[in-house]
Structures are given as C-alpha cells and as structure tokens.
Amino acid sequence: MLSQKLLDALNEQLKWEFYSAHLYLAMAAYCHDQGLDGFANFFRVQVQEETFHAMKFFDYINQRGGRIVISGIDQPQNEYASILDVFTKAYEHEQLVTKRIYALSDIAMEEKEHATISFLKWFIDEQMEEEETFGNLVKKLSRIQNDQHAIYALDAELAQRVFTPPVPTK
1 MLSQKLLDAL NEQLKWEFYS AHLYLAMAAY CHDQGLDGFA NFFRVQVQEE
51 TFHAMKFFDY INQRGGRIVI SGIDQPQNEY ASILDVFTKA YEHEQLVTKR
101 IYALSDIAME EKEHATISFL KWFIDEQMEE EETFGNLVKK LSRIQNDQHA
151 IYALDAELAQ RVFTPPVPTK
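Note that full-length UniProt numbering numbers the sequence shown so that position 120 is 120, with each residue one more than the last.
The hints are simulated quantities; they were obtained by calculation from the structure and are not laboratory data.
Using N, Cα and C, we set each Cβ at its ideal position, and we do this for glycine too.
Capping the alpha-carbon separation at 20 Å, the derived lysine to any residue pairs in SDA-like fashion look like this:
{"no.": "1", "residue 1": "56", "residue 2": "127"}
{"no.": "2", "residue 1": "121", "residue 2": "109"}
{"no.": "3", "residue 1": "15", "residue 2": "75"}
{"no.": "4", "residue 1": "89", "residue 2": "127"}
{"no.": "5", "residue 1": "99", "residue 2": "122"}
{"no.": "6", "residue 1": "99", "residue 2": "131"}
{"no.": "7", "residue 1": "112", "residue 2": "60"}
Label pairs and their computed distance ranges (CB to CB):
{"no.": "8", "residue 1": "1", "residue 2": "103", "range": "19 to 25 Å"}
{"no.": "9", "residue 1": "74", "residue 2": "144", "range": "28 to 34 Å"}
{"no.": "10", "residue 1": "55", "residue 2": "146", "range": "38 to 44 Å"}
{"no.": "11", "residue 1": "82", "residue 2": "114", "range": "42 to 48 Å"}
{"no.": "12", "residue 1": "149", "residue 2": "1", "range": "57 to 63 Å"}
Using the sequences and the hints, build the whole thing.
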C-alpha cells in the first residue's frame, strides 16, 4: 500500500505530466505561428508523449489502490523570443522534470517501496533520452543562429517525427 506521502507525490507528478503536455502544446502553437510547422509537429508529438506519461502515473496509482486526485494546472508560457528560446525553455523544463522524478524516486527508496522504485526506473531512463534530445536541439539551434536555410532544413527534419507508444514491459 502506498503511503500518503508517496501517493501525494505521485499525484503531483501526474499533474506535472499534464502541465508538460500543456507547455508543449503552447510551444507547438508558437512554432506554428512562426511558420515552423515541423517544429510545431515536434512539440505536438511531445504532447502525446507527456500525455502517455501522465496516463502511466494514472494507471500506476490506480493499480496500487491509491486515490487519484485530478487538480488544476498552471497556464504555460505562450510567448518566446525565438525558436532557440523555445527549445532552451523546453530543455530547462526537462531538466526540472528529471529532478522531480529523482525526488519521487528518493521518497520511494526511503519508504522501501520497491514496486514504485521499479515503476520509476522507466521514467528515469526516459528523462535521460529527453534531456539528450532537447540538449542536442539546443546545440544545433545555437550553432545555426539566424541561418534561415538551416532552420528550414531542421524544420523539415522535425516534420517527420511521429509518436510511437513504447511497448509495454509486462
């Protein structure tokens, strides 16, 4: 059975995953407004990923007999200085999510809640991938700066991204 402290932390992370989806939807809208539909597609796929993550938390809390609490989320930022600013903010957000997952894992370890530790390992691995992806895109955008040809080439590349749900490990 989940302790109240761990249950509260899991519910907070559920909320945070939905916030992440809203943040990336706002970023997709900004990219679309800038005529960068490939970048917008990248963020729309991120919305799907974050919603998938939220539902993993939803299902886990339910599976463990916990009470799911759906609460309001904050409005995400909607305006950015540039496409580099968007990806820098997204990278910083992913770093924050990683810290939150680590803190959640710390609670599970303190409580010797082995099932939750196992559940969170998937998210730890996922966060390493997310940070690498966003970090690499920030590096690319920093190098190309205002080179419109390079930005449109990257936009075309990101337009090809599709959401592929992970295969269940059960």
